[in-house]
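A.B. asks: Which chain is which? The protein sequence lines are G and F, in order.
Going by this note's numbering, the first residue of the first sequence is number 47, and it counts up by one from there.
Going by this note's numbering, the first residue of the second sequence is number 9, and it counts up by one from there.
A portion of the hints provided could be inaccurate.
Stated by the list, open to error - Covered stretches of chain F, as calculated for chain G (at least 3 residues, CB under 8 angstroms):
1. 27–38
2. 73–81
Said to hold, decoys possible - If we take Cβ atoms under 10 angstroms as the criterion, some of the chain F residues that face chain G in the derived model are:
3. 12
4. 14
5. 42
6. 91
7. 94
8. 113
These aren't lab readings, by the way, just hints derived from the structure by calculation.
Don't be surprised by glycine CBs; every beta carbon is placed ideally from N, CA and C.
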Amino acid sequence: NAGVTQTPKFQVLKTGQSMTLQCAQDMNHNSMYWYRQDPGMGLRLIYYSASEGTTDKGEVPNGYNVSRLNKREFSLRLESAAPSQTSVYFCASRGSGLNNRNLAKNIQYFGAGTRLSVL
Amino acid sequence: AQSVTQPDIHITVSEGASLELRCNYSYGATPYLFWYVQSPGQGLQLLLKYFSGDTLVQGIKGFEAEFKRSQSSFNLRKPSVHWSDAAEYFCAVGARNTGFQKLVFGTGTRLLVSP
């Protein structure tokens with residue numbers, strides 16, 4: 047029952063350092079998402095991947111890059127970390143279900159999050 | 009574009025009392041609506057969803073929510089709160105015309121349960 051797995055769980059970076067947040071899902075889902083969660087702001091979408099080989103910007107993409115490595119994995123990269131990127135990052139995945147054929151699949155499942163501090 | 013408002017940042021309820029968490033959305037058509045719960049240090053877990061049909065939907069852990077189109081609301085309710093319900097609750101709206109790809113989340117309501 048792994049679902050969505052994120053690594054690492056915690057990370058502390060210095061300003062200017064780079065790192066990659068990893069996400070993997072074992073539910074054979076087509077779509078994957080990266081969100082950040084900040085106090086008082088809920089979850090905001092950074093990037094998403096509707097299917098393997100495609101990625102699109104969300105609400106707050108600046109300072110981030112993503113890679114949909116294969117159907118299972120969707121990574122988020124910070125090339126030059128800034129204090130404003132201190133946040134909790136969540137990965138999610140969702141099964142396909144277009145045209146109302148299988149609405150039960152149109153649910154996003156979340157990982158446990160990565161807590162990132164940039165000093 | 010869709011948006012979600014959760015007007016209550018914090019709510020304190022006595023154990024055993026009833027609960028209602030408010031959610032108002034803005035969207036030009038009938039949206040897809042969700043309630044998620046987040047326990048401390050955890051990811052988000054789906055409580056319930058509304059796609060179509062019966063406007064009163066039942067979820068896990070004894071929660072229910074009612075979609076009211078005229079009020080653009082999707083309030084979450086529970087008749088008797090347990091201490092384990094203390095968590096943060098997020099309402100989210102999904103747009104139908106994007107193939108359900110994106111969700112917009114409210115800012116969350118933190119529920120505190122007093123003995």
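A.B. asks: Run every hint past the structure and note whether it holds.
C.D. replies: Hints, verified against the model:
1. 27–38: violated (count 0)
2. 73–81: Contact hint for the region 73–81 of chain F vs chain G: violated, 0 residues under 8 angstroms.
3. 12: Cβ of residue 12 of chain F sits 8 angstroms from chain G, so the hint holds.
4. 14: Because about 8 angstroms separates residue 14 of chain F from the closest Cβ in chain G, which is inside the 10 angstroms limit, the hint holds.
5. 42: Result: holds, 8 angstroms to nearest chain G Cβ.
6. 91: violated (22 angstroms)
7. 94: Cβ of residue 94 of chain F sits 17 angstroms from chain G, so the hint is violated.
8. 113: holds (4 angstroms)
The structure is inconsistent with the numbered hints 1, 2, 6, 7, although it conforms to all the rest.
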